[in-house]
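As a plain string of letters, each chain reads:
2 protein chains.
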Amino acid sequence: MNGVFEVWAPAATAVDVVIGDVRHSMDAAGGGWWTAEVVGAGHGTDYRFSVDGGDPMPDPRSRWQPEGIFGPSRVYDHDRFAWNDDLWRGRSLPGSVIYELHVGAFTPAGTFDAAAGRLDHLVELGVDFVELMPVPPVPGTRNWGYDGVDLWAVTDDYGGPDGLKRFVDACHLRGLGVILDVVYNHLGPSGNFLAPFGPYFHDSAASFWGQAVNLDGPGSDEVRRYFIENALQWLRDYHVDGLRLDAVHALHDRRAVHFLEELSAEVDALSAAVGRPLTLIAESDLNDPRLMTPREAGGYGLAAAWNDDVHHALHVAVTGERHGYYDDFAGALPKVLTCAYLHDGTFSSFRGRSHGRPARHVPGHRFVCAAQNHDQIGNRAEGDRMPAEALRLAAGLLLTSPFTPMLFMGEEWGASTPFLFFTDHVEPHLREGEADRRRREFVGFGYDDWAERAPDPGEETTFLRSKLDWSELDRDAHRAHLDWYRALIALRKAHPELSDPRLDRVRVDHGDGWLVVHRGPCQVAANLGQVALTVRLAPGQVLLASDPKVTAEGEELFLPPRSLAIVKAG
Amino acid sequence: MNGVFEVWAPAATAVDVVIGDVRHSMDAAGGGWWTAEVVGAGHGTDYRFSVDGGDPMPDPRSRWQPEGIFGPSRVYDHDRFAWNDDLWRGRSLPGSVIYELHVGAFTPAGTFDAAAGRLDHLVELGVDFVELMPVPPVPGTRNWGYDGVDLWAVTDDYGGPDGLKRFVDACHLRGLGVILDVVYNHLGPSGNFLAPFGPYFHDSAASFWGQAVNLDGPGSDEVRRYFIENALQWLRDYHVDGLRLDAVHALHDRRAVHFLEELSAEVDALSAAVGRPLTLIAESDLNDPRLMTPREAGGYGLAAAWNDDVHHALHVAVTGERHGYYDDFAGALPKVLTCAYLHDGTFSSFRGRSHGRPARHVPGHRFVCAAQNHDQIGNRAEGDRMPAEALRLAAGLLLTSPFTPMLFMGEEWGASTPFLFFTDHVEPHLREGEADRRRREFVGFGYDDWAERAPDPGEETTFLRSKLDWSELDRDAHRAHLDWYRALIALRKAHPELSDPRLDRVRVDHGDGWLVVHRGPCQVAANLGQVALTVRLAPGQVLLASDPKVTAEGEELFLPPRSLAIVKAG
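Protein sequences, first through last, are from chains A and B.
Sequential numbering from 1 applies to the first sequence in UniProt numbering.
Sequential numbering from 1 applies to the second sequence in UniProt numbering.
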């Protein structure tokens with residue numbers, strides 16, 4: 001058995017692959033690449049690279065880091081895994097519902113295999129895609145995943161590369177697609193050994209999380225390949241169905257062909273090669289429809305983007321909260337339900353400038369919208385979820401909307417567990433500074449009072465408290481909450497007008513504390529206030545109501561306080 | 001049980017639904033629609049409509065014509081069928097191979113059920129979609145399908161509505177998608193009862209096959225709905241995965257929103273509702289990329305269009321034929337393999353004018369290309385297929401191309417049976433005139449000599465001779481031919497570069513009688529001539545060769561006469 005090792009180190013004069021105590025010198029192979037064939041190496045061999053005689057470091061494209069981010073890389077052969085999903089033909093995003101989860105906090109064991117044991121719950125719920133928060137190795141043993149550094153590897157804390165494959169395989173056998181959250185705009189602050197290998201980072205540009213990735217400076221052709229081939233690895237070798245691209249607004253790229261456009265063209269070519277739809281979803285706060293405009297029309301050709309305006313409008317409407325960036329969103333529901341963005345060129349108080357661009361022509365399924373997600377829960381001081389009663393109203397509006405709905409784990413049963421921001425930094429300066437950094441973030445967002453209430457991200461209990469408590473499903477109140485979610489998803493699938501993506505067909509009547517959303521013959525009527533009221537709509541059949549006291553008589557629909565009903569005309 | 005009958009007859013002053021000998025008068029329901037509820041009617045009830053007291057006629061939206069195009073309509077309830085394809089999530093076109101078949105000629109019995117009995121053959125072949133030539137009722141018992149009139153029904157000669165559903169269900173259980181050929185540009189010349197109901201046809205515009213459908217004149221809003229809802233019926237109620245839209249160049253529509261754009265928007269909305277990819281493919285001779293340009297970019301948003309230029313270039317290259325419309329296509333392979341169209345603004349001798357528009361920016365999977373299809377075989381005087389030896393070369397080039405390949409039934413084993421033009425008109429003037437009409441067509445296309453050789457379309461033997469002879473699969477030569485096709489499809493699926501849709505990445509070296517098509521590291525080398533030769537290419541591994549005498553040595557590849565090989569560099 002001979003193992004071939006390859007690494008890009010364009011400025012190096014010598015590179016060694018270090019196996020055990022033996023250094024094998026590598027040959028320059030053109031384009032800044034180095035290569036070596038080592039007798040006896042192969043799947044399972046531990047190795048490191050040394051540039052110009054320096055300390056051995058993990059492979060920038062390490063597929064396996066069994067001892068974590070400071071340990072050696074281990075050779076991993078993708079072809080050894082025995083897949084069972086031959087019949088899987090993929091899943092297209094339009095019409096789908098996404099379920100976001102954190103592998104470590106989803107189950108008590110916190111592994112891929114344990115998560116796979118809960119898939120029947122998701123099938124019964126009726127969702128179509130599972131979206132995993134990032135899975136690469138991170139500092140310590142608990143992290144949201146956005147501090148990942150070995151971007152080609154899968155943390156062994158969750159089950160390593162084979163564990164992720166078993167999870168994807170199990171999803172496919174149940175008809176569920178898998179979306180993976182990937183972070184291409186920064187690397188974590190600890191265990192990042194890329195810089196000695198090549199110009200992976202920008203000299204002049206920085207993001208909120210540190211040095212920006214070099215997508216348009218000298219040497220960036222290969223840096224772009226590093227990320228693009230990373231994307232292709234997940235989609236091809238892990239059979240993943242889509243990627244959620246973290247914070248694309250933090251990508252610095254002024255090239256004529258933007259990194260995201262290049263990426264989407266490559267992924268579309270792979271989609272043709274593997275014969276499955278492959279879905280790219282951006283997290284973006286730019287409110288810029290260019291992201292999901294087809295490349296032929298001058299856009300980047302992504303399938304969808306997260307839309308926080310819809311979240312904020314829902315959140316404010318059902319909770320009444322107005323602090324910080326929620327300030328502009330009072331009464332915003334009619335606008336976002338018909339135009340997708342509140343800020344589509346309008347002034348954003350939080351940003352102190354006008355923001356966004358009209359997007360009403362964009363199909364609704366290109367907006368991934370949530371009443372709850374890891375950020376909107378976890379970035380609150382106490383990681384507290386929306387009250388269950390408010391959540392049921394928000395879910396009623398979200399799951400009848402023209403957008404692609406996304407749920408956050410536990411939301412469907414009104415989980416009472418928080419989802420806190422947690423880390424486990426091993427380097428003392430990071431461990432000690434994390435709580436302070438977190439507080440500064442809250443102050444920066446204008447949430448001074450939260451800064452004092454936030455628990456220390458580094459405490460193990462902060463992580464343990466964030467794990468779902470599945471025993472809650474034994475309680476009636478949580479079962480009833482789950483039934484409401486199941487019924488809403490089933491209703492969405494049974495009535496095509498509810499997932500009709502054409503925003504210009506949505507009409508909203510509204511008044512003080514109430515609104516009626518017209519989706520073809522379906523009418524979604526909500527009383528968000530504390531006083532019962534009667535709304536007028538086209539007479540028909542009540543398909544579903546959040547409260548048994550909802551009654552329809554002719555054109556009049558009686559809605560108790562804090563209730564929602566879907567009525568089909570005719 | 002009460003049956004509700006509905007029909008659009010905007011100029012009528014009275015409409016009856018006629019059941020047995022009883023006329024039930026219908027009520028005007030607004031918008032030109034008439035409705036009646038009849039006690040005791042339901043699934044299985046035979047009925048006709050009478051406009052202003054005239055002769056009873058079939059329902060324009062008849063779902064079932066058990067006694068053919070002159071018989072009564074029969075109520076058909078879509079909800080009664082028990083589907084088994086719950087796990088089917090659809091199939092996306094990119095990366096797929098299509099297999100076109102005529103239900104009547106595919107098997108000796110000529111039914112959906114008999115066709116379903118041959119699906120294992122298609123699975124083993126490796127194709128992804130079955131494309132059915134049109135299935136609505138036609139005059140007589142044998143017809144290509146383009147003389148259909150009851151466009152919402154399925155001919156009982158194939159098995160009726162339930163038969164089609166059983167076939168689709170069986171395909172889905174084997175992982176095959178189904179594309180249905182639908183004809184919206186004209187109705188057949190016999191049994192067309194639409195005109196008395198409403199302005200279905202254009203006063204002033206005509207197509208090659210008769211009166212043009214009214215898509216932009218007065219009353220055309222409802223006529224467009226007639227066709228759009230027809231499309232939705234197949235995709236929704238029959239679980240079909242895509243439609244092949246016959247001859248869209250014969251649609252007359254000058255509205256700001258073209259019928260095809262409206263159709264694709266509706267189908268995309270349905271795709272979101274059913275959570276499956278739904279594929280629209282146009283047959284078009286316009287060479288106009290607007291058809292498959294996204295709507296956001298000003299196009300019609302179809303998934304793909306047939307591309308005859310690729311067929312003609314292949315046909316001329318492997319057969320040497322030059323007559324009629326093949327005249328421009330000598331040496332056209334390098335151009336069509338890199339630009340999709342030969343005529344992308346260039347002069348077309350056959351049309352006597354310049355033709356088409358550049359399309360190199362369009363992804364290759366948006367072009368459905370064939371070495372053989374029903375038209376290119378069947379519209380030859382004697383319905384003769386390409387010689388098997390030429391076909392193997394054409395298949396080698398087609399199945400390694402950036403386009404969506406389509407095969408025609410029997411092609412994969414080099415079937416020796418012809419596919420002739422056949423009809424079975426019941427009206428004497430049509431029956432007697434058909435052979436003459438056919439001859440005039442050949443003369444019109446410049447094939448005067450063919451006019452004499454074409455058999456009478458109305459003779460039953462013309463149909464019977466066109467049926468596949470499956471016993472040919474017992475013979476070694478046909479098995480070897482089939483093995484070549486299977487190997488090519490398997491190769492296409494195993495090497496992503498072969499289905500890479502980016503035309504600007506295709507490079508072709510060529511000379512007298514040979515060409516080498518570069519698809520990333522894969523090189524497709526073909527010797528189309530009668531003399532052995534050696535071509536130069538990047539050294540590598542011969543993945544597949546049509547002839548055991550092909551040999552590679554370094555940069556030299558030896559190709560015997562009429563041979564093709566795929567070599568992977570590196």
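None of these hints come from the bench; they were simulated from the model.
Cβ atoms here follow ideal geometry from the backbone N, Cα and C, with glycine treated the same way.
It cannot be assumed that every hint is accurate.
The following residues of chain A were derived to be distant from chain B, with all beta-carbon distances above 10 Å [stated by the list, open to error]:
(1) V75
(2) D268
(3) T293
(4) P496
A partial selection of chain B residues facing chain A, derived with a Cβ cut-off under 7 Å [said to hold, decoys possible]:
(5) N84
(6) L87
(7) R91
(8) S96
(9) G175
(10) A272
(11) A273
(12) G275
(13) E296
(14) D500
(15) P501
(16) P548
(17) T551
(18) A552
(19) G554
Verification of the supplied hints:
| no. | hint | result |
| --- | --- | --- |
| 1 | V75 | holds, 21 Å |
| 2 | D268 | violated, 7 Å |
| 3 | T293 | violated, 6 Å |
| 4 | P496 | violated, 3 Å |
| 5 | N84 | violated, 14 Å |
| 6 | L87 | holds, 6 Å |
| 7 | R91 | holds, 5 Å |
| 8 | S96 | holds, 6 Å |
| 9 | G175 | holds, 6 Å |
| 10 | A272 | holds, 4 Å |
| 11 | A273 | holds, 3 Å |
| 12 | G275 | holds, 4 Å |
| 13 | E296 | holds, 5 Å |
| 14 | D500 | holds, 5 Å |
| 15 | P501 | holds, 5 Å |
| 16 | P548 | violated, 29 Å |
| 17 | T551 | violated, 28 Å |
| 18 | A552 | violated, 23 Å |
| 19 | G554 | violated, 20 Å |
Checked against the numbered hints above, the structure breaks hints 2, 3, 4, 5, 16, 17, 18, 19 and satisfies the rest.
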